[in-house]
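Student: Residue numbers (this note's numbering), protein chains in the order written: chain A, 148 to 478; chain B, 5 to 242.
Bear in mind the hints are in silico, worked out from the structure with no lab data behind them. The reader is advised that the hints may include incorrect statements.
As the list claims (entries may be wrong) - Derived DSS-like pairs (lysine-lysine); straight-line CA-CA distance at most 27 Å:
id, chain 1, residue 1, chain 2, residue 2
1, A, K204, B, K14
2, A, K209, B, K197
3, A, K163, A, K416
4, A, K204, B, K197
5, A, K204, B, K206
6, B, K69, A, K209
7, A, K460, A, K416
8, B, K14, B, K69
9, B, K14, B, K133
10, A, K209, A, K182
Just so we're clear, the structure is a prediction, and the values are computed from it rather than from any experiment.
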Amino acid sequence: MPEASPIKNKKDTFYKDMLPALILPLIMALHFYGKRAALVCLVSVSAAVISEIIGSKLINQKLRLYDCGSIYIGVLLALMLPASVRLWIPALGSVFAVMLVKIPFGGIYSSPFSCTAAAFSFLCICKSNELFAYPVLKIDSAVDAFGSENFVAGTSLAQSLLQNKTHGVTAVELINGFIGSVAGPMGMTSAVVLLGLLFYILIRRPKSFVNAISFIATCFIGCVITVAVDYGNIFELNALRMICIRFFSGFTLCIGVFLITEEPQSPEKIIHRIIYGCLGAVGYLLLRHFSIFEDAGAFAVLGINALWPLLEKYIFSPHKKENDSEVIPLE
Amino acid sequence: MSDKKVSLKKMIRVGGYLRNPVLVHVIGICPVAAAATSLFNSLVLAGVFTVSLIICEVLASLIMKKMPRWLRVSIYVIINTGIVFPVMYYLEKNQSPVFASLGIYLPLMAMNSFTCIHSEKYAVKHSVKESFFDAIASSIGYSAVLLLVGIIREIVGSGKIAGFDIPFISGLNGALMPFGGLFIIGILAALHKARVIKNYPKQARTIEKKFTLDESREEEGTFTYNLKNRFKKNEENF
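Could you build the full structure based on these sequences and the hints that come with them?
Tutor: Right under this line is the structure:
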């Protein structure tokens, strides 16, 4: 099997290992959004598991629930959505991820694309207005569904950034954003939690940590460069604040911790993983500036998933090309 | 094949269903994936396609057997253009919304690879009757998929059917985009294959044979000839 092939060892335990990492963001989501967060997660996971069962039966394939892929997809997708999302949307996303991205390629360890990123991108295209309408944070009160009369939209850090309202963001609001007490995707707003999870990945999946840290470091450098271009001196208070907002807003940390680290799509060598993470970050930063969506991080992940096997085959593994030419000699 | 053995029913079963041009041979999927976003769009595309295929195949069988291939292919395009442009003119004159939604894909039907491949592969080697039946069978298979995809995409993408709103269905923009069309074609192809394997197990082994231009016409020195030879030599050396 060529090295560039996305098909990896099916006995890998990446999703089993990463499932506990979703517990902390889930607790944060339950803390901020209460029962609604639990309901969205439940619907998403149920849809993923049921799709897995139905899909496996349809193609007479052995049921692979033990790889925890469906549960991982369901929980992660739910945590990337706003708590106010109508319940059929996470269900649709999970069905899409399992039925059209996971099962057709022979399982989650054989899929060339991140299932969660694909599902989130699909939902972005279909229901972008609802996907980025985050409810205002009201602890100890029920979250109203999108479209209902009582729904009140809050402003996430990414929306503030897009609307150029970041000058009014105070230090307290910034700290709130750091701990996750701000409108946003229900499980992915807390930078503290997500940065903490990097230590978990470092211990549990050291190779995946390389992807994560290269992605996050490149994003940070990108934020510093853009602020330096805008402000000149990056050591001014406003510039520092802007760096923090740009870095912690959107799905930067979520992608760095959960999506770019997915093992089935990752390269083998450490140096390749660094390049993979850096290229993913560059794509993400570009899409953040030029995309029509508030945050098109999932598209950047799909882009690097699609691009990497080609890069690995034609640029990073020239010895493979030599071997290929031996098999098919030129006349 | 002699005229006595020709049966329209059998040709529809084989050419339209078992060897469906879109779901099995994956020919001419551009209009299906990109432009078949509603029932009316699909009807227009299916009508244009059917007329152009029938005329091309009949003419190819009738008068083009002794012409060189390069000339025949040019004539197919001219015939298709002669059929597509009056339809375009009519739709544009009546300011039909179908014309706006089909966009570039309607004029592109004039360059449909399906018509050229079918005329070259089948019509120039068979009688007029057989070619006519083949055109009918292929058109039915192609149009059925076109209409099915159009209906599904209109329901899923716009929450409508033939322009009428369907209650409780919220449109998903993704289904109206080309990638949505390709997903639907993929799902239909999988269902079609499962059904063929179940109902026609013997034919299922042969239906995936590639529908390409006549291989015997590959002359020495051409790209495909060299490529095949290279692989053959390679296998021998190995």
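Student: Next, verify each hint and record whether it holds.
Tutor: These are the hints, each one checked on the structure:
1. A:K204 - B:K14: Answer violated: K204 of chain A to K14 of chain B is near 33 Å, above 27 Å.
2. A:K209 - B:K197: holds (20 Å)
3. A:K163 - A:K416: holds (22 Å)
4. A:K204 - B:K197: OK: K204 of chain A and K197 of chain B at ~16 Å, within 27 Å.
5. A:K204 - B:K206: This hinted pair holds, its Cα atoms lying about 24 Å apart.
6. B:K69 - A:K209: violated (53 Å)
7. A:K460 - A:K416: Holds, at roughly 13 Å.
8. B:K14 - B:K69: Judged against 27 Å, a Cα distance of about 25 Å means the pair holds.
9. B:K14 - B:K133: holds (14 Å)
10. A:K209 - A:K182: Not satisfied, since the Cα-Cα distance of roughly 34 Å exceeds 27 Å.
Hint compliance for this structure: hints 1, 6 and 10 are not met, and every other hint is.
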